[in-house]
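Heads up: the sequence lines are chains A and B, in that order.
Note that this note's numbering has the first sequence beginning at 307, numbered continuously upward.
Note that this note's numbering has the second sequence beginning at 8, numbered continuously upward.
Treat the hints loosely; a few may be bogus.
Claimed, not checked - Pairs of lysine-lysine residues, derived as DSS-like cross-links and limited to a Cα-Cα distance of at most 30 Å, are as follows:
1. A/Lys352 <-> A/Lys649
2. B/Lys151 <-> A/Lys751
3. B/Lys198 <-> B/Lys185
4. B/Lys185 <-> B/Lys227
5. B/Lys227 <-> A/Lys751
6. B/Lys198 <-> A/Lys751
7. B/Lys151 <-> B/Lys198
8. A/Lys493 <-> A/Lys345
9. A/Lys676 <-> A/Lys632
Since the hints were derived computationally from the structure, they do not count as laboratory data.
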Amino acid sequence: MAFASIFVPNFILQAVVRAEPELRECALALTDGNPPLCKVVTMDEKAARAGIQPGMTKANAEQFTGIAIRVRSQAEEKTAHAALLDIGWSISPRIEDTAEDAIALDVAGLSYLFESEEEIGAELARRARGCGLTVRTAIAANVETALVAARGFPGITVIPAGQEAKYLSELPVEVLSPSEEIAETLKRWGVRTCGAFAELPVLQLSERLGQEGVRLHALARGESARSLSIAEPGLMFEEGMELEDAVEELDPLSFLLGRLLDQLCARLTARVLAAGTIHVRFELQTSAENAIDARKSVFFEKHAPGLYETQLQLPIPTRDSKMLLKLLRLRLQFHSPAAPVQKILLTAEAARPRATQNGLFLPSFPDPEKLEITIARITNVVGEGNVGAPSLVDTHRPGTFRVERFAAPVRTKRGGKKAAVQERPREFFKISTSFRAFRPAISAKLEMEAGIPISVVFHGACGHVLAASGPWRTSGDWWQEDFWNQEEWDLQIQFPLIERHNAAFANSLPSDGLYVFYYDTLRRSWFTRGIYD
Amino acid sequence: MSSKATALRLQVESALASRVASPFEYRDRKIFETAPTGIPALDQLTGGLPRGSLTEIYGPPCSGRTSVLISALASRTAESEVCALVDARDAFDPHSAEAAGVKLQQLLWVRCRNIDQALRVTDLLIQGGGFGLIALDLSDTATKTVRGVPLNVWFRFRRAVENTPTIFILVGQESNAKTCASLVLRLRAEKARWSQTAEEGDVEGATLPHSPGILLDGWKGRAEMVRARAKDPEWMRQNVYVMKARKDEADFETEAIRNHMQEFQLRALDLQAGIRKKSRGGAGTR
Numbered sequence: 307m308a309f310a311s312i313f314v315p316n317f318i319l320q321a322v323v324r325a326e327p328e329l330r331e332c333a334l335a336l337t338d339g340n341p342p343l344c345k346v347v348t349m350d351e352k353a354a355r356a357g358i359q360p361g362m363t364k365a366n367a368e369q370f371t372g373i374a375i376r377v378r379s380q381a382e383e384k385t386a387h388a389a390l391l392d393i394g395w396s397i398s399p400r401i402e403d404t405a406e407d408a409i410a411l412d413v414a415g416l417s418y419l420f421e422s423e424e425e426i427g428a429e430l431a432r433r434a435r436g437c438g439l440t441v442r443t444a445i446a447a448n449v450e451t452a453l454v455a456a457r458g459f460p461g462i463t464v465i466p467a468g469q470e471a472k473y474l475s476e477l478p479v480e481v482l483s484p485s486e487e488i489a490e491t492l493k494r495w496g497v498r499t500c501g502a503f504a505e506l507p508v509l510q511l512s513e514r515l516g517q518e519g520v521r522l523h524a525l526a527r528g529e530s531a532r533s534l535s536i537a538e539p540g541l542m543f544e545e546g547m548e549l550e551d552a553v554e555e556l557d558p559l560s561f562l563l564g565r566l567l568d569q570l571c572a573r574l575t576a577r578v579l580a581a582g583t584i585h586v587r588f589e590l591q592t593s594a595e596n597a598i599d600a601r602k603s604v605f606f607e608k609h610a611p612g613l614y615e616t617q618l619q620l621p622i623p624t625r626d627s628k629m630l631l632k633l634l635r636l637r638l639q640f641h642s643p644a645a646p647v648q649k650i651l652l653t654a655e656a657a658r659p660r661a662t663q664n665g666l667f668l669p670s671f672p673d674p675e676k677l678e679i680t681i682a683r684i685t686n687v688v689g690e691g692n693v694g695a696p697s698l699v700d701t702h703r704p705g706t707f708r709v710e711r712f713a714a715p716v717r718t719k720r721g722g723k724k725a726a727v728q729e730r731p732r733e734f735f736k737i738s739t740s741f742r743a744f745r746p747a748i749s750a751k752l753e754m755e756a757g758i759p760i761s762v763v764f765h766g767a768c769g770h771v772l773a774a775s776g777p778w779r780t781s782g783d784w785w786q787e788d789f790w791n792q793e794e795w796d797l798q799i800q801f802p803l804i805e806r807h808n809a810a811f812a813n814s815l816p817s818d819g820l821y822v823f824y825y826d827t828l829r830r831s832w833f834t835r836g837i838y839d
Numbered sequence: 008m009s010s011k012a013t014a015l016r017l018q019v020e021s022a023l024a025s026r027v028a029s030p031f032e033y034r035d036r037k038i039f040e041t042a043p044t045g046i047p048a049l050d051q052l053t054g055g056l057p058r059g060s061l062t063e064i065y066g067p068p069c070s071g072r073t074s075v076l077i078s079a080l081a082s083r084t085a086e087s088e089v090c091a092l093v094d095a096r097d098a099f100d101p102h103s104a105e106a107a108g109v110k111l112q113q114l115l116w117v118r119c120r121n122i123d124q125a126l127r128v129t130d131l132l133i134q135g136g137g138f139g140l141i142a143l144d145l146s147d148t149a150t151k152t153v154r155g156v157p158l159n160v161w162f163r164f165r166r167a168v169e170n171t172p173t174i175f176i177l178v179g180q181e182s183n184a185k186t187c188a189s190l191v192l193r194l195r196a197e198k199a200r201w202s203q204t205a206e207e208g209d210v211e212g213a214t215l216p217h218s219p220g221i222l223l224d225g226w227k228g229r230a231e232m233v234r235a236r237a238k239d240p241e242w243m244r245q246n247v248y249v250m251k252a253r254k255d256e257a258d259f260e261t262e263a264i265r266n267h268m269q270e271f272q273l274r275a276l277d278l279q280a281g282i283r284k285k286s287r288g289g290a291g292t293r
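Kindly produce the complete structure, drawing on both the sequences and the hints.
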């Protein structure tokens, strides 16, 4: 046995049910088309028993009680097909994207992992259930037989080599997917089953039905042999959902996002991958724009959907759907969509999951996933750009720095010769005079004598200068618009007691303070940059 | 006597059985694991910063609070620990921190606008866990505002870091955590040190004998250990002579970091002074 096939019966219905699993419990019918010509295109068994038929208008279908009616969704069909491909890639690296509702796999060599072909088929069905699809699987010696058997037989089918014709003989000719003309011809001839079709002489068949008839004849006999047309695995995973009624509140939106993330993570798990980045895209419901088409003199409403886009950049690839949902909720709380959400699309960029083994004697370290959630919560409190790791910028402009995204540093083993050379021993660290910055810099007035500051006034307090170091001149970026030119002074200032109590400063002024003042030659003003502490 | 003591003990235990379990059982004093501050004088005074408890450092501006905090951050990041700094008034200077040895990529800096944000963020960080050191810097927050923080907030923080390896440091202008802190240090500045490149002597105490080469070299500070519950008995036995001699105080000195323009201009001034010496054969001033 070399090939397996997975077939999704009633694919377009299953695509919708995959997005709303609770619909499995009730009778369901799908409609398609533009209103008022919306018609039923397919239904499940319960709806069929209730009397729903294909081609029935939506208005007629709504007359039946207990029938859930949904609109056919191209987006959900696309994601369901992608999920089907992922199921195949989770078992075998060689798969063929045969049709929207069927794929074929090369399962040669899997006997080392599975005891029997039935087990392979059962595993495929189990993984498909995990991705929200109910499938039929078939395993045969050639691709075409496997595809036909998967379409024709329910459940798991294993066709031993050499018995293809015997197994396929019971199936109706429709499973061979003949053209309308050939199907009509076969119907007139009274050929109903593959077995009857296989008994027809091939020479005469070719004269009447052409090469297509010969091909179908070989299919019916299980003799068609061809190689797989291998599909390339992608690294982008998409899950989407179109909503009939736009969602405005965060809680119901979170419920839907959680479901989509579960499906996304199930597909990633099947491929042994994790999400490195999640792109979120909402199509928003906006107010209808009325427009008149002058050519046709028809008044129609033109809906122009707004868009909301954001992305979650994860420090470590993960496939924990609960954690992703928490991060997404925090992001939406901080930056919520401007209008109700009509359509959701989540795209995950896949990456290899990172496997780390923590040592017993390494220092304490925040859990990367918990840390990401904590940082997201902190961002909601203090705002974007106010939390992260500080980073110096390669410039001489005073006070320039960046706040970068905080990422858990790669843990390195301490000790060893290499570590001793790279890290400075603790005893060589000196106690440096640290600086506290005033952001923004506080405007000041300085009185100068012979070019040296002798008194300062800032924040309503007047102080005497005890010692001064400067001026230390610096300038730069003269070729740009935002160039700077400053003269900096280190001043030791004494504030009289009465000034300290009267000062508008938020804090008590020190009896002696070591401040940094600078004169901005462009703005021709003095400022206080900060204080040594 | 021993039988009487035993009988008395049994009587007391039975009387207290419903209220106190094992009233005569000796309870070992909790010994905190400590980490160095990076300042040898302070480490000798305090034994280091206790893990799993609250340390409070307070003092007026220019008393060295930030220098002690930055030194502690440098010490922890050098040991590959991840640290967090909750900056209530956005006063942290990355340049001086990096010059002091702090590994900035291991520091999570949260820039807050007010004390409410700072307290909420601190709560989130402590609950998140895994940090070697969490510092809450309220140095520039008005004392009136900080006094308004209920004591149970500090108590809750202390309980949250208990039994974890996290060092929690609270920096402010006055003591607010009170008994919630296991270690309380009061800092005050002693005097600034100035020097200059030419042979004009130390200008300390003089009224602006300014020269182009005068530089701030640093200052001396004094730290007083107001409260220390974290020391283990063995440490106390070994260091009792230090405590007696210094009365729970320690002096430390800081060294100013030269920025690039000071270094450059100093070298230029030294060069000019050298040239003038050669040409005139004596000291010269500008």
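A quick look at each hint next to the structure:
{"no.": "1", "hint": "A/Lys352 <-> A/Lys649", "in the structure": "holds, 28 Å"}
{"no.": "2", "hint": "B/Lys151 <-> A/Lys751", "in the structure": "holds, 28 Å"}
{"no.": "3", "hint": "B/Lys198 <-> B/Lys185", "in the structure": "holds, 28 Å"}
{"no.": "4", "hint": "B/Lys185 <-> B/Lys227", "in the structure": "holds, 26 Å"}
{"no.": "5", "hint": "B/Lys227 <-> A/Lys751", "in the structure": "holds, 29 Å"}
{"no.": "6", "hint": "B/Lys198 <-> A/Lys751", "in the structure": "holds, 25 Å"}
{"no.": "7", "hint": "B/Lys151 <-> B/Lys198", "in the structure": "holds, 28 Å"}
{"no.": "8", "hint": "A/Lys493 <-> A/Lys345", "in the structure": "holds, 28 Å"}
{"no.": "9", "hint": "A/Lys676 <-> A/Lys632", "in the structure": "holds, 10 Å"}
The structure fails none of the hints (numbered hints given earlier).
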